[in-house]
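**Student:** Protein chains in written order, with our numbering: chain A, 1496 to 1636; chain B, 724 to 1158.
Treat the hints with care, as some may be off.
With a cut-off of at most 20 Å between alpha-carbon atoms, the simulated EDC-like pairs for lysine to aspartate or glutamate come out as follows [what the hints assert, rightly or not]:
#: 1; chain 1: B; residue 1: K957; chain 2: B; residue 2: D818
#: 2; chain 1: A; residue 1: K1517; chain 2: B; residue 2: D818
#: 3; chain 1: B; residue 1: K897; chain 2: B; residue 2: D911
#: 4; chain 1: A; residue 1: K1517; chain 2: B; residue 2: E1065
#: 5; chain 1: A; residue 1: K1619; chain 2: A; residue 2: E1588
#: 6; chain 1: B; residue 1: K764; chain 2: B; residue 2: E1065
#: 7; chain 1: B; residue 1: K908; chain 2: B; residue 2: D1003
#: 8; chain 1: A; residue 1: K1524; chain 2: B; residue 2: D818
#: 9; chain 1: A; residue 1: K1517; chain 2: B; residue 2: D816
#: 10; chain 1: A; residue 1: K1524; chain 2: B; residue 2: D815
#: 11; chain 1: A; residue 1: K1517; chain 2: B; residue 2: E844
#: 12; chain 1: B; residue 1: K988; chain 2: A; residue 2: D1534
#: 13; chain 1: B; residue 1: K935; chain 2: B; residue 2: E1068
#: 14; chain 1: A; residue 1: K1524; chain 2: B; residue 2: D816
#: 15; chain 1: B; residue 1: K857; chain 2: B; residue 2: D1131
#: 16; chain 1: B; residue 1: K764; chain 2: B; residue 2: E752
#: 17; chain 1: B; residue 1: K956; chain 2: A; residue 2: D1595
#: 18; chain 1: A; residue 1: K1524; chain 2: B; residue 2: D831
#: 19; chain 1: B; residue 1: K813; chain 2: A; residue 2: D1595
#: 20; chain 1: B; residue 1: K789; chain 2: B; residue 2: D987
None of these hints come from the bench; they were simulated from the model.
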Amino acid sequence: MTADVLKYHFTVVGGDFTSAGKASVNVKKLLRQLGIAPDIIRRVAIAMYEGEINMVIHANGGTADLEIYPDSIVIILADSGPGIPDIDQAMQEGFSTAPDNIRSLGFGAGMGLPNMKRYTDEMKIDTEVGVGTTVTMTIRL
Amino acid sequence: MSEQYRHSVSLDLDKCKGCTNCLKRCPTEAIRIRGGHAVIKSERCIDCGECIRVCPYRAKIPKCDKLEDFADYKWKIAIPAPALYGQIDKLDDLDYILTGLVELGFDDVFEVARAAELVSEYTRRYLRREDVVKPVISSACPAVVRLISVRFPYLLDNVLPIMPPVELAARLAKQEAMRRHPELKEKDICALFISPCPAKVSYARNPIGVEKSAIDGVLSISDIYFRLVPAMKKFETPYVTSRSGIIGISWAGSGGESSALLNDKYLAADGIENIIKVLDEIEKENFAGLEFIELNACSGGCVGGAMNMENPFIAKARLQNLRRFLPVSQNRVQDIAGHDDEVPEEVFWSTGVTYEPILQLDENRAEALRKMQRMQEIGGHLPNLDCGSCGAPSCMALAEDIVRGEADDSDCVIRMRQQIEDIWRTMGRMVHDGE
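Take the sequences, apply the hints, and build the full model.
**Tutor:** Next comes the structure, spelled out in structure tokens:
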């Protein structure tokens, strides 16, 4: 039954903030070709986008994996960044540790993780300070 | 230059009533009312579009090209301004607009926003150089550059000498088309800018900083809008993918170009009257510590251009929504090893922008001084009501016109009335004396 899963792997390059957010465009294109419903595409693209931005801003990049099953789409974002010391605080809307110079572009509103949770059916965060963070999100089809 | 300069504002003589609305609002005092209708002094007009916006009779019309004019070209590339994206209601994906442009008759699309992202990166690099005169003033709005060249010559060295995004977009679009379709020759391809403002129409005809513009025609957003909306209903899944990000799209509104510099030492002003005040202040060196000045002649930025459909603030709100989950930037400059202040030669202006002393009263300094004195003298006798009835925007402008030999003392209706009253009084006295 392994043929029932379609996997894609993306590298999210850190270091340069202006490169952030590209993988979600590729994902959107891909899901469109697969004929996935537009509202699902939107939710996957947003969840992926927010995660990608987080990895670029806070963790110097990481990897994004997309797994498409007959009944669900799973996004796994993994980085070896600083980790999240207080998940409850990080999940609060409006809480942000983003640097000032990107706020004029509309970032740093503290909506990243809350949006990822809102647009997905399940979200799991594994994090260890100084080691890294892995976020796994599931969207049911 | 005044002889060959081709403007983009024309007048419908039947509609013009000769009222003073445009006269009073023209920021460079380029309009006079002569023979019952408005006349534009070509050498003074900066194509800001203010007169188009304020004319209550819609007598001022932007002179744009039409898509039909380019039927002979094998490959027509649409170059949409990011302001276009803010015109469409209930849109959450730019790809629908881009696919719509292909459906309505273009062969390909190249977004100005893509080139804007490159210009943003070049600007960031340029600002890192040691030898630049700061604050650097944006050169993307052609009306602003024209304004500086006629009224603020001391600031010309501050102007960013890099091509505006639309010019770069047209060049890149043609290069890309020839690379992808080797059967096409340069003459087969036309780059058609979909513009929010008449200043860009003039720019394409009288380019700034480059010998010849790569833009072959300029269509107005308001013309394209009525074809685009039905064309966007012709398909279910869009097949053209946008290749611009938050940075490129943000250029449509005031503050967008600055926010892309990722540094907070900037100022962004919009609206022609506001930018004149800001330029006055910069000339006085009142802005210590600023790196960059973004100026847009239209209020709100390019979304406020006179050829848009939608209210600028609504358009800006839509863009805010559209850009929300877009990549920061999708267009990057190839890294030049070890140099973070390197800007390729080909994106710089190839010709300079020079001061055009159109406001000076005379080429001879002594003569200019004499004329200035006369102007003050005449101005002192005028009522200073600035009513505009004489056809000049203010009493001082009339005084200037008189000194230049373009108007006469008797053009002032208030003075005329006084003179008639004086005559009556004198006649009355004569009759009285005769008794």
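**Student:** Hint by hint, note whether the structure agrees.
**Tutor:** Tested hints:
For the suggested pair K957 (chain B) and D818 (chain B), the alpha carbons sit about 13 Å apart, so the restraint of at most 20 Å is met. Simply put, K1517 (chain A) and D818 (chain B) have alpha-carbon atoms about 15 Å apart, close enough for the 20 Å limit, and the pair holds. The straight-line distance between the Cα atoms of K897 (chain B) and D911 (chain B) is roughly 10 Å, inside the 20 Å bound, and the hint therefore holds. Annotation: proposed proximity of K1517 (chain A) to E1065 (chain B) is violated, straight-line Cα distance about 25 Å (limit 20 Å).
Of the pairs offered as hints, the one joining K1619 (chain A) and E1588 (chain A) holds, with about 17 Å between alpha carbons and a cut-off of 20 Å not exceeded. Pair hint K764 (chain B) plus E1065 (chain B) does not hold up; C-alpha atoms about 42 Å apart against a cutoff of 20 Å. The suggested pairing of K908 (chain B) with D1003 (chain B) is violated, with an alpha-carbon distance near 47 Å, which exceeds 20 Å. Of the pairs offered as hints, the one joining K1524 (chain A) and D818 (chain B) holds, with about 10 Å between alpha carbons and a cut-off of 20 Å not exceeded.
Of the pairs offered as hints, the one joining K1517 (chain A) and D816 (chain B) holds, with about 15 Å between alpha carbons and a cut-off of 20 Å not exceeded. Among the hinted pairs, K1524 (chain A) with D815 (chain B) is consistent with the structure: their alpha-carbon atoms are about 15 Å apart, no more than 20 Å. A C-alpha spacing of about 17 Å is found between K1517 (chain A) and E844 (chain B), which places the hinted pair at or below 20 Å, so the restraint holds. This hinted pair does not check out: K988 (chain B) and D1534 (chain A) have alpha carbons roughly 40 Å apart, beyond 20 Å.
Between the alpha carbons of K935 (chain B) and E1068 (chain B) the distance comes to roughly 17 Å, so the proposed pair stays at or under 20 Å and holds. Using a Cα cut-off of 20 Å, the hinted pair K1524 (chain A) and D816 (chain B) holds, with the two alpha carbons roughly 12 Å apart. Taken as a hint, the K857 (chain B) and D1131 (chain B) pair is broken in the structure, with Cα atoms around 45 Å apart against an allowance of 20 Å. For the hint pairing K764 (chain B) with E752 (chain B), the CA-to-CA distance comes to about 9 Å; that is within 20 Å, so the pair holds.
At roughly 41 Å between alpha-carbon atoms, K956 (chain B) and D1595 (chain A) are farther apart than 20 Å, so this suggested pair is violated. For the hint linking K1524 (chain A) to D831 (chain B), the alpha-carbon distance of about 19 Å falls within 20 Å, and the restraint holds. Restraint check: the Cα-Cα separation between K813 (chain B) and D1595 (chain A) comes to about 31 Å, which exceeds 20 Å; the hinted pair is violated. For a cut-off of 20 Å, the pair hint linking K789 (chain B) to D987 (chain B) is broken: about 41 Å separates their Cα positions.
Hint violations for this structure: numbers 4, 6, 7, 12, 15, 17, 19 and 20, all remaining hints satisfied.
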